[in-house]
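Asks: Work the whole structure out from these sequences, hints included.
Going by this note's numbering, the sequence shown opens with residue 1, and the numbers climb by one from there.
Because the hints were derived from the structure by calculation, they are not lab data.
For each residue, glycine too, the CB sits at the ideal point set by N, CA and C.
One or more of the hints may lead you astray.
Beta-carbon label-pair distances, calculated as ranges [stated by the list, open to error]:
1) Gly69 / Arg197: 39 to 49 Å
2) Glu118 / Ala213: 25 to 35 Å
3) Gln68 / Gln190: 41 to 51 Å
4) Val87 / Leu216: 17 to 27 Å
5) Ala59 / Tyr200: 32 to 42 Å
6) Arg106 / Glu31: 16 to 26 Å
7) Glu186 / Pro28: 43 to 53 Å
8) Glu31 / Glu118: 30 to 40 Å
9) Leu198 / Asn24: 37 to 47 Å
10) Ser63 / Arg106: 16 to 26 Å
11) Ser92 / Thr72: 21 to 31 Å
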Amino acid sequence: MIYEERTVSVRRGRTQDYTRIFRNQVKPAIEAEGGEVLRLVSGLIGAPATEFIAISRFADFASWETAQGRVTAAHPDLADITDSEQVRLLKSISSRPKQSIPAEDRRVVFGYRRFFIEPKDIDDFVRYSEEGIWPRVEAEGASVLGLWTPLASTAPLEIILLTGYHSATNWEQTRVNQPMPDHFDEEMRQKCTEMYRLRYEMPYKTWVQLMQAVEL
Numbered sequence: 001m002i003y004e005e006r007t008v009s010v011r012r013g014r015t016q017d018y019t020r021i022f023r024n025q026v027k028p029a030i031e032a033e034g035g036e037v038l039r040l041v042s043g044l045i046g047a048p049a050t051e052f053i054a055i056s057r058f059a060d061f062a063s064w065e066t067a068q069g070r071v072t073a074a075h076p077d078l079a080d081i082t083d084s085e086q087v088r089l090l091k092s093i094s095s096r097p098k099q100s101i102p103a104e105d106r107r108v109v110f111g112y113r114r115f116f117i118e119p120k121d122i123d124d125f126v127r128y129s130e131e132g133i134w135p136r137v138e139a140e141g142a143s144v145l146g147l148w149t150p151l152a153s154t155a156p157l158e159i160i161l162l163t164g165y166h167s168a169t170n171w172e173q174t175r176v177n178q179p180m181p182d183h184f185d186e187e188m189r190q191k192c193t194e195m196y197r198l199r200y201e202m203p204y205k206t207w208v209q210l211m212q213a214v215e216l
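Replies: And the structure:
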């Protein structure tokens, strides 16, 4: 699978127009080549409401490239409502996204977090995430959508994490300074604490934006 991250800045007052065009023209163009829009989100906290991020996946590079022609056909309608648009290709580096994302995984708020780490640390970063951090946040009602890195090799290496929450309050409940779930035994508590510490020490820098899901 190959993944596309499409980031669009929409002119003020035109967000509903963008959502309509994406739903009626861009999404069908992606699906016509076997692609799937995993999520479209817009800024909530830390990003303006006029910023949209769409994560889509394709079977391979050829199907993504073919889909670009169909997506381009929708661009005349977008030209007068967008200030900028950037697209980059990503690859999944973990067990998420799931092959098929069930309806119960849908959330209304998403944490879009970026990390910059040493390339040599990627395997440990993924393991600490999957085995130590995700069990804790998902026990609190979160749902990890995916973990990716750009196709291009860079140093430091960028990691993108998109996690869904029921609300901004639910996001706050999963922070490391909050109590762990009651059903976690002591061994699991210690594992989560240690793996969080190890992952916390890896990035040169990291930051998060809270985004809201756009229903398509």
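Asks: I want to verify a distance hint. Is the separation of the beta carbons of Ser63 and Arg106 within 16 to 26 Å?
Replies: For Arg106 against Ser63, whose Cβ atoms are near 25 Å apart, the range 16 to 26 Å holds.
Asks: For the hint 30 to 40 Å, verify it against the beta carbon of Glu31 and that of Glu118.
Replies: 38 Å, holds
Asks: Evaluate the given range 17 to 27 Å for the C-beta pair formed by Val87 and Leu216.
Replies: 18 Å, holds
Asks: Kindly confirm whether 25 to 35 Å is satisfied by the beta carbon distance between Glu118 and Ala213.
Replies: 33 Å, holds
Asks: Against the range 16 to 26 Å, how does the distance between the Cβ atoms of Arg106 and Glu31 compare: consistent or not?
Replies: Roughly 18 Å apart at Cβ, these two residues keep to the hinted range, so it holds.
Asks: Honestly, do Ala59 and Tyr200 meet the 32 to 42 Å range at C-beta?
Replies: Holds, since Ala59 and Tyr200 (Cβ atoms, about 36 Å apart) stay within the stated range.
Asks: Can you tell me whether the CB distance of Leu198 to Asn24 sits inside 37 to 47 Å?
Replies: 46 Å, holds
Asks: Between Glu186 and Pro28, does the C-beta distance stay in 43 to 53 Å?
Replies: 51 Å, holds
Asks: Is 21 to 31 Å respected by the C-beta to C-beta distance linking Ser92 and Thr72?
Replies: Roughly 26 Å apart at Cβ, these two residues keep to the hinted range, so it holds.
Asks: Is 39 to 49 Å respected by the C-beta to C-beta distance linking Gly69 and Arg197?
Replies: Since Gly69 and Arg197 have Cβ atoms about 48 Å apart, the given range 39 to 49 Å holds.
Asks: Take the C-beta atom of Gln68 and the C-beta atom of Gln190, compute their distance, and say whether it sits inside 41 to 51 Å.
Replies: 48 Å, holds
When the structure is compared with the earlier hints, no violation turns up for any of them.
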